[in-house]
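> So you can see what is in the structure, the chains are spelled out below.
There are 2 protein chains.
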Amino acid sequence: MARVIVDVLPKAEILDPQGQAVARAMGRLGVAGVADVRQGKHFVLEVDDEVPDAELERIAGTLLANPVMEEWVVRRVSDAEATAADVPGTHA
Amino acid sequence: MARVIVDVLPKAEILDPQGQAVARAMGRLGVAGVADVRQGKHFVLEVDDEVPDAELERIAGTLLANPVMEEWVVRRVSDAEATAADVPGTHA
Numbered sequence: 001m002a003r004v005i006v007d008v009l010p011k012a013e014i015l016d017p018q019g020q021a022v023a024r025a026m027g028r029l030g031v032a033g034v035a036d037v038r039q040g041k042h043f044v045l046e047v048d049d050e051v052p053d054a055e056l057e058r059i060a061g062t063l064l065a066n067p068v069m070e071e072w073v074v075r076r077v078s079d080a081e082a083t084a085a086d087v088p089g090t091h092a
Numbered sequence: 093m094a095r096v097i098v099d100v101l102p103k104a105e106i107l108d109p110q111g112q113a114v115a116r117a118m119g120r121l122g123v124a125g126v127a128d129v130r131q132g133k134h135f136v137l138e139v140d141d142e143v144p145d146a147e148l149e150r151i152a153g154t155l156l157a158n159p160v161m162e163e164w165v166v167r168r169v170s171d172a173e174a175t176a177a178d179v180p181g182t183h184a
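So the protein lines, in turn, are chains A and B.
The first sequence begins at 1 in my numbering and counts up one residue at a time.
The second sequence begins at 93 in my numbering and counts up one residue at a time.
Okay, chain A solo, but in the shape it has when bound:
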């Protein structure tokens, strides 16, 4: 099993109302220093080792992202790399 991460973001030229709402909320709440926020989707897939990169790209571009409005990056991660799935939420 390999772990594959797909990060999806609205294209730069596409309005991002979710991100803008977060950025405005930060301003209202007194958070300083954040100039811009863009919000997208973060997928973590557990994939058989035999699945080739081309198939992962096809899955991302047809099932996880909308190519008309979104951009995406596919990356395989090693077990050593920390992901949100691995790190206990002890930050709070």
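Where hints are given, some of them may not hold.
Below are the DSSO-like pairs computed for lysine-lysine, each with C-alpha atoms no more than 30 Å apart in a straight line [to be verified]:
(1) Lys11(A) <-> Lys103(B)
(2) Lys41(A) <-> Lys103(B)
(3) Lys133(B) <-> Lys41(A)
Examples of chain B residues toward chain A, derived with CB under 10 Å [stated by the list, open to error]:
(4) Ile97
(5) Val100
(6) Leu107
(7) Gly125
(8) Val136
(9) Ile151
Please keep in mind that the hints were generated in silico from the structure rather than gathered at the bench.
Cβ coordinates follow ideal geometry from the N, Cα and C atoms, glycine included.
Starting from the structure of chain A, add chain B where the hints point.
This is chain B only, laid out in the frame that chain A set:
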């Protein structure tokens, strides 16, 4: 300006209906080799260089993630690192 990425995922012990829906849809569509999908949020922040890591953690844990149900990872990215925001969606 620094670019900061915050990836948010439902905690491992929390049901992830979005990810499960994606995984089931893949099965129906004949995509083989994907054993599990978890879906979360991907934030890209443009932040002043003076903002310390502790403040970024506070922002992530109070405004971007719900610490009761979600885990998150905060990372500063160099300009050299590819993010979905930089890569044209020419995969399709």
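> For each hint, tell me whether it holds in the structure or not.
Quick rundown of the hints versus the structure:
1. Restraint check for Lys11(A) and Lys103(B): the C-alpha separation of about 28 Å stays at or below 30 Å, so the hint holds.
2. Proposed proximity of Lys41(A) and Lys103(B) is supported: the alpha carbons are some 16 Å apart, at most 30 Å.
3. Under the criterion of a C-alpha separation no larger than 30 Å, the hint pairing Lys133(B) with Lys41(A) is consistent with the structure, at around 4 Å.
4. With its C-beta approaching chain A no nearer than about 8 Å, Ile97(B) sits inside the 10 Å limit, and its interface hint holds.
5. Against a cut-off of 10 Å between C-beta atoms, the interface hint on Val100(B) holds, since the closest Cβ of chain A lies about 6 Å away.
6. The closest approach between the C-beta of Leu107(B) and any C-beta of chain A is roughly 14 Å, which is over the 10 Å cut-off, so the hint fails.
7. Contact between Gly125(B) and chain A, as hinted, is supported at the beta carbon level, the nearest pair being about 4 Å apart and thus within 10 Å.
8. Interface hint at Val136(B): satisfied, since its Cβ lies 5 Å from the closest Cβ of chain A, which is below the 10 Å cut-off.
9. Of the supplied interface hints, the one on Ile151(B) holds, with its beta-carbon coming within about 6 Å of a beta-carbon of chain A, less than 10 Å.
The earlier numbered hint that this structure contradicts is number 6, and it is the only one.
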